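In case you want the letters, here they are:
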Amino acid sequence: MEYRIHFGDWITSGLDWISANLNWFFEFLRAVYLGMYDSVNWVFNTPPVLVVVIVAALLALLARGWKFGIGTAVGFLFILGVNQWENAMDSLSLVVVSAFLAVLVSIPIGIWAARNDVVSAIVKPIMDFLQTMPALVYLIPAIALFRIGVAPGIFATVLFAMAPGVRLTELGIRGVDHEVVEAGHAFGAGPARILRQIQLPLAMPSIMAGINQIIMLSLSMVVIAGFVGAGGLGGEVTKALSALDKPLGFEAGMAVVILAIILDRFTGAFGNKRAKALLGGLFNRLPRGGTPPGEPTGGSDNPEAISDLVDENRATRAAP
Amino acid sequence: MTDTIALKATGLYKVFGKHADSAVRKLQDGATREQLGGATTAAVIDASFEVKRGEIFVVMGLSGSGKSTLIRTLNGLQPATAGTVEIGADNITGAAPKRLRDIRRKRMSMVFQHFALLPHRTVLDNVAYGLEIQGMPRAEREEKARKVTEVVGLGGWEDKHPSELSGGMQQRVGLARALAADTEILLMDEAFSALDPLIRREMQEQLLELQATLGKTIIFITHDLNEAMFLGDRIAVMRDGRIVQIGTPEDILTNPANDYVEQFVQDVDRTRVLTAESVMRKPRAVVHLTAGPHGALKAMRDEQMSGVYVIKRDRTLIGWVSDRACLDLVRNGDRNLESIVQSDHGAVSSDTALSELFIPSLESALPLGVVDAKNRLIGVVPRVTLLATLGGEPDAAREASPDRDPIPSHVVDKALEVAIESGALKVEEVD
Chain A
1 MEYRIHFGDW
11 ITSGLDWISA
21 NLNWFFEFLR
31 AVYLGMYDSV
41 NWVFNTPPVL
51 VVVIVAALLA
61 LLARGWKFGI
71 GTAVGFLFIL
81 GVNQWENAMD
91 SLSLVVVSAF
101 LAVLVSIPIG
111 IWAARNDVVS
121 AIVKPIMDFL
131 QTMPALVYLI
141 PAIALFRIGV
151 APGIFATVLF
161 AMAPGVRLTE
171 LGIRGVDHEV
181 VEAGHAFGAG
191 PARILRQIQL
201 PLAMPSIMAG
211 INQIIMLSLS
221 MVVIAGFVGA
231 GGLGGEVTKA
241 LSALDKPLGF
251 EAGMAVVILA
261 IILDRFTGAF
271 GNKRAKALLG
281 GLFNRLPRGG
291 TPPGEPTGGS
301 DNPEAISDLV
311 DENRATRAAP
Chain B
1 MTDTIALKAT
11 GLYKVFGKHA
21 DSAVRKLQDG
31 ATREQLGGAT
41 TAAVIDASFE
51 VKRGEIFVVM
61 GLSGSGKSTL
71 IRTLNGLQPA
81 TAGTVEIGAD
91 NITGAAPKRL
101 RDIRRKRMSM
111 VFQHFALLPH
121 RTVLDNVAYG
131 LEIQGMPRAE
141 REEKARKVTE
151 VVGLGGWEDK
161 HPSELSGGMQ
171 QRVGLARALA
181 ADTEILLMDE
191 AFSALDPLIR
201 REMQEQLLEL
211 QATLGKTIIF
221 ITHDLNEAMF
231 LGDRIAVMRD
241 GRIVQIGTPE
251 DILTNPANDY
261 VEQFVQDVDR
271 TRVLTAESVM
281 RKPRAVVHLT
291 AGPHGALKAM
301 RDEQMSGVYV
311 IKRDRTLIGW
321 VSDRACLDLV
331 RNGDRNLESI
341 VQSDHGAVSS
351 DTALSELFIP
361 SLESALPLGV
371 VDAKNRLIGV
381 VPRVTLLATL
391 GGEPDAAREA
401 SPDRDPIPSH
411 VVDKALEVAI
421 ESGALKVEEV
431 D
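Heads up: the protein sequence lines correspond to chains A and B, in order. So that you can map any letter, position 213 of the first sequence is 213 in this note's numbering, and since no number is skipped, the others follow by simple counting. So that you can map any letter, position 419 of the second sequence is 419 in this note's numbering, and since no number is skipped, the others follow by simple counting.
Bear in mind the hints are in silico, worked out from the structure with no lab data behind them. Bear in mind that the values here come from a model prediction, so they are computed numbers and not experimental data.
Per the computed footprint, the stretches of chain B lying under chain A, defined by three or more beta-carbons under 8 angstroms from a beta-carbon of chain A, are:
1) 102-113
2) 128-134
Going by beta-carbon spacing under 8 angstroms, a handful of chain B positions derived as facing chain A:
3) Asn75
4) Leu77
5) Ala116
6) Leu118
7) Pro119
8) His120
9) Ala181
Every residue, glycine too, gets a C-beta built ideally from N, C-alpha and C.
All chains should be built: construct the whole structure from the sequences, respecting the hints.
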């Protein structure tokens, strides 16, 4: 008797069942993916190239300062110079859509896992699976479910990239000072208010690191997605690989590197003051360390002042 | 009677781990904490106490004694495994989550050891936090928070963030947040333990000052016995999850319930806890104003003293007379004591702390007098007693006789004899 576990067959029949019965769902997802991709791509590819470069450089300037602004401009001009502009914008659109969807899925799961040990215990191995499965393998069912094109690329990218988002969100929320959460409870705050006013703001640095990781993983996956016809820089790399086209391979590769660096610096800046000003108070101010020098040691250097205040307090209390 | 009780805990248990309920039953049947086995930890065992309205009730114990868990069962942050906590008519144990939140909003607030401020909010927003949860409109709660911030001495710091403040100031914010919520009960969990000693002292004094005006019911957790003694109207001492003694600071100090408490209180600064009343002795000799110089002189001779306190019939303290002044009066044949009574007796009130007796005691010619609220002489504190109390042996001083040099008794005898011979005094008055 031959020893053989037919794992692959089980997966295949499972996927067959899904595509037979849930086809409508994946068709719907495909339409959503394509719609989002086209909209974002329109934003990047419709305006004149120089306008996009200048706007990107200005945003970079605001986010991190003039060095990053100039670096962004130079990087984009390099991409333009090696004739990869359109491909780079395609890939960028793919990253933006995939990362957005991955964030949208992973943060709620992370919050849920942080609040429920059972969920956490279930989610953890799934995330291990998603993160360690060789990225190319995702493309196989993705083609089966979404056919060739951008949609399977986005699907595979979301699966591959969401793990750090879930993990770092859970970690961040679980790491929030227990006493501060207790303070919320002690003053009678409900769970939703504690999440909104205490846990999320205090976990924000960790969540931001998660989002940064999602974006970087998305970019690496987007290149691999070139194998399923997602186009963009990934498509160029695939083409160069099959034709052993060294110049094309390195030009497309460099464009990926430049995009990666720019995206990383942008998202890494989410926590700092400039970016917060840029985001216009979208997030509450984050905690920061450091104590200004020369502060007084306490408010009651003058005991009389205190008792005056106490008297004043008595007066205010006595008033109806 | 019941409305003088702010909070009542009855048979409170908190057991962590599996099979908590059966662990409670075992404990109720007399099992010790150790017999429960490794998987279950009994943090609070059979705690029962009442906290009176407006009192500072201190729960004191070393780390691991269960005091922090105990305070958390009082507001339901840790649901009790067994027993009840009643706040007025409300029962905390077994209250539905929504009801529990409501009780926390309206009836009790909490100050935390590590301040537990919201780091992303300003001082003012932190202080207003409880009010915000209560649903108070922004303008109103900010106004109220501003006032309370002033009261705790942080005026001008409203727009700073907690990380810009020193530890002591941060805890003032924590205190202000609890005060602003304007709840009757204040739970303070090691509130000053994370502060350095000088700031801690300052905060303790400020708390007492505030308490004098606000009259909150405060349940204060600490591991520092000196702090417990300084702040507490009553103290519950906890050990290994059980409350081993509840009493006033003086009770705990002078009548420790067991060796553990006794060992614990050894290091306490007694001078700040004990009062004049607790160490005073019965005055060895006092004379009524009507006794005259002869009576006074005789009393001093009998007790070998150089001076004596003079009181009225109702024991009101008038002053003191010295033997030499009396002797002069007797020699002059004057029978009225009033002319030599010195009013600078320097007596202290009965609730004065020992630490404040030293200087008056040095300045006083006689053993320091102790008077009650109606200025009646109820005792004296000889210097020796004061010293002996510091040594932890107040009884050792009982027989000691502190005094200036009295006039030798033969001189007194002779003066009295002369007075009798001259007819100024009758024999029976002297013997």
